[in-house]
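Taken in sequence, the protein lines are chains A and B.
Taking this note's numbering, the leading residue of the first sequence gets 8, the next gets one more, and so forth.
Taking this note's numbering, the leading residue of the second sequence gets 3, the next gets one more, and so forth.
Since the hints were made in silico from the structure, they are not lab data.
Treat the hints with care, as some may be off.
[As the list claims (entries may be wrong)] Here are the simulated lysine-lysine pairs, DSSO-like style, with alpha carbons at most 27 Å apart:
#	chain 1	residue 1	chain 2	residue 2
1	B	K176	B	K292
2	B	K122	B	K341
3	B	K227	B	K426
4	B	K372	B	K292
5	A	K70	B	K176
6	B	K140	B	K341
7	B	K140	B	K169
8	B	K168	B	K179
9	B	K426	A	K59
10	B	K342	B	K35
11	B	K426	A	K70
12	B	K140	A	K59
13	B	K147	A	K59
14	B	K372	B	K341
15	B	K342	B	K372
16	B	K140	B	K357
17	B	K189	B	K35
18	B	K168	A	K59
[Said to hold, decoys possible] If you anchor each label on the Cβ, the simulated ranges turn out as follows:
#	chain 1	residue 1	chain 2	residue 2	range
19	B	T190	A	M126	42 to 48 Å
20	B	T190	A	Q151	40 to 46 Å
21	A	F41	B	K70	39 to 45 Å
22	A	V43	B	Q81	16 to 22 Å
23	B	G171	A	Q151	44 to 50 Å
24	A	S9	B	T85	55 to 61 Å
[Unchecked claim] Some chain B residues near chain A, calculated using beta-carbon distances under 8 Å:
#	residue
25	V84
26	T190
27	L203
28	P251
29	N256
30	L265
31	S268
32	P392
33	A395
34	P397
Glycine included, C-beta positions come from ideal geometry on N, C-alpha and C.
For reference, the chains in residue letters:
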Amino acid sequence: MSDAAATITRDRQRLEMSALSAPAVIFTVAMIAFPVVYTIWLGFQTFSSTGKQSFAGLANYSKLISDYEFWHGLWITIALFVLSLVLQLVFGVWLALVLFHAKRLPGIVRSLFISPFMMPPVVAGMMWLVILDPSLGAANYILQSLGLPPSDWLASPSLVIPTIALIDSWQWTPYVALIVLGGLQSLPPSVYEAAQIDGATPFKTFPRITLPLLLPTIVTAAILRSVDLLRFFDIIYITTQGGPGNASNTLNIYGFRVGFEFFNIGYASALMLTLTAIVFGAVLAFNRLRGAVAW
Amino acid sequence: MKARMLVTHVALPVLAIAAASAQARAADFDWMKFKGKTVTFLANNNPVSQALLTYKADFEKLTGMTLKVDGYQEQQMRQRLVTVMNANSDEVDVFMTLPSREGEQFAAAGWYGDLTAMAKNDVAREYDPAGLSQALLKAATFGGKLTSMPMNIEGPIFYYRTDIFKKCGIEAPKTIKDVEAAAEKIKTCDSAVTPFVSRGLKPAIAYTFSNVLHNVGGSYIAAGKSNLCSAKGKEALDTYSRLLRDFGPPGVVNYSFQQISALYRSGRAAMAFESSNELRTVMEGGARLKDTGLLPFPAGEAGQVPTTIGWGMAVSSHSRQPDAAWYFVQWATSPEVQKKMALQGIAPPRPSVAKDPEYRKWIDEEPVRKEWQAALDVLATKGSSEVGYPIVANPESREFIGQAVQDLILKQKPIDQACADADKALDALIAQK
Chain A
8 MSDAAATITR DRQRLEMSAL SAPAVIFTVA MIAFPVVYTI WLGFQTFSST
58 GKQSFAGLAN YSKLISDYEF WHGLWITIAL FVLSLVLQLV FGVWLALVLF
108 HAKRLPGIVR SLFISPFMMP PVVAGMMWLV ILDPSLGAAN YILQSLGLPP
158 SDWLASPSLV IPTIALIDSW QWTPYVALIV LGGLQSLPPS VYEAAQIDGA
208 TPFKTFPRIT LPLLLPTIVT AAILRSVDLL RFFDIIYITT QGGPGNASNT
258 LNIYGFRVGF EFFNIGYASA LMLTLTAIVF GAVLAFNRLR GAVAW
Chain B
3 MKARMLVTHV ALPVLAIAAA SAQARAADFD WMKFKGKTVT FLANNNPVSQ
53 ALLTYKADFE KLTGMTLKVD GYQEQQMRQR LVTVMNANSD EVDVFMTLPS
103 REGEQFAAAG WYGDLTAMAK NDVAREYDPA GLSQALLKAA TFGGKLTSMP
153 MNIEGPIFYY RTDIFKKCGI EAPKTIKDVE AAAEKIKTCD SAVTPFVSRG
203 LKPAIAYTFS NVLHNVGGSY IAAGKSNLCS AKGKEALDTY SRLLRDFGPP
253 GVVNYSFQQI SALYRSGRAA MAFESSNELR TVMEGGARLK DTGLLPFPAG
303 EAGQVPTTIG WGMAVSSHSR QPDAAWYFVQ WATSPEVQKK MALQGIAPPR
353 PSVAKDPEYR KWIDEEPVRK EWQAALDVLA TKGSSEVGYP IVANPESREF
403 IGQAVQDLIL KQKPIDQACA DADKALDALI AQK
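Bound conformation, chain A alone:
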């Protein structure tokens, strides 16, 4: 077969393959694109309380600027994000180190350590709601048994965010630990051997060798958790529904209520697109950071 004939055959094969895979590709792209495009379109509409719809231009976005609940929700979202992420990264790395060094830990114990993130968040939320009930819950019972004062936990405007951050961290720290454990297991032993020859103690190797080498893995874990934390919904909805007052009313909870309880789908879409932009911004920032710490 001549080169020209071979090229024609190859091109035809490519064309046939493209044609065969086109329906699946179009379907997949449509599945991703349609909800996004539809939400963008909804963001330019206004819906009255009776569901009547009309074009609103940028009105929903200009309303955001003067909406106290939006700024409050944004602040709560960021506070919860920062607090939870720090807790999960710190304890995730610690748990990974424990699991890495405790080689003789039975498999069942290892499984138990990482089991919380396998639990559906709704179940975790219900469980913690019962445990943290100020009257009937086990948490206050334990505190009082130890002679400590009881706490209002999720019912206190000042404690609700740290408490939700603790619940989320309880559930997702093992996930971070699992990622970091993978990173630890892939670190080159030769670096540690060289450090040992140079007389480095474990207290020195951790900050000077382990942590810098682990940074790309930790940043990857941070990216994965950031996306989840910025669109955090289920546990808050189950435990507080944004309360007490508006103390845990994140952008997500606020958007849900505006859309599905007050039926203002247009404004809710604008809120959620703004949140999506924030999520993208955070992912881009972390991606850059990952590039900077890669080795």
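Start from chain A and add chain B according to the hints.
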């Protein structure tokens, strides 16, 4: 004389013909008319629908239709409904609705099918639409259109521990002030129990708070403006929040029916103001069966104006088979089915069912059931369906009522500021057309 002649010669014959034709239509009624069709029912997965759906097979056998049930928790059900209705989809034929909450809104959006003619003309002989609670039918009528048929009757009632009251030497409260006095006394007499508990979760507060507001003589709207900062409005806000703050459990701002029932059932609350529907949950395990008394919420300056609502069954305006859907609604709200549901503890919206010997026998089995029915009788005769603001944006209005109460429970604002902030937000909602 002329008037009497008009009555005897014109009106009575016309009525007789109308009655005869209605009877004839009832006689022609055929439950198998829509045999082979499938009706989709969007249900709130609560005790009312659970009791109803126990008899799903009976409906399918009676009509030859298939009943497809799409069941969710209350909020998720509304979420699904909003999506379906906004898409003008015919996926749902019949849905459960709370007219007191979303009636104005759904009616204005055109989501309810008009049941007026069907309830009059297309009924089985035994259906007896006039036997349903007239107050609930009125509450489900918007712009002259009947939008749903009542499934049950319910409202918040006052649960109290007779043994604790006896131990502390307290009489059953007759007024709101008696409730406060009793709570004060229980606080010192039995410090192990929570004296009083009711709803403190923001969106849930309006359900119980409305009863207090109406009992003290307050109203949500006066002269087209929000009225929470009126003297009566402030009295209601102050009373309700003080009862929860001073005598309620820690963390009461997250309390809705689940937590209240659990606390009372476990014996850790002396008084609870919670839905009549919770009787079955509260009595689970039998621990509270012999030491609980039940009353409508004690009177204020305006007497007793209990909150009375009920779940209704509506036909979707987008249903392609409203007639078949109506057959399901009719079966579900018929005297026979409502009697069966009543025997499962679902308070019937039909006085005739409430008087049925079999149901009375069930009621008479336990004193607490008797008190429950007596309280429901007061709800049925004196009740108001106004829960939150009687406006299209009723669900949103409940947010601001709840916020004002929570601000006071948590001592985040003085009462003048809490009610003024709420009034300002609520005036904006009232102004929305």
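- Query: Going back to the hint list, which numbers does this structure go against?
  - Reply: 5, 7, 17, 18, 20, 21, 23, 26, 32
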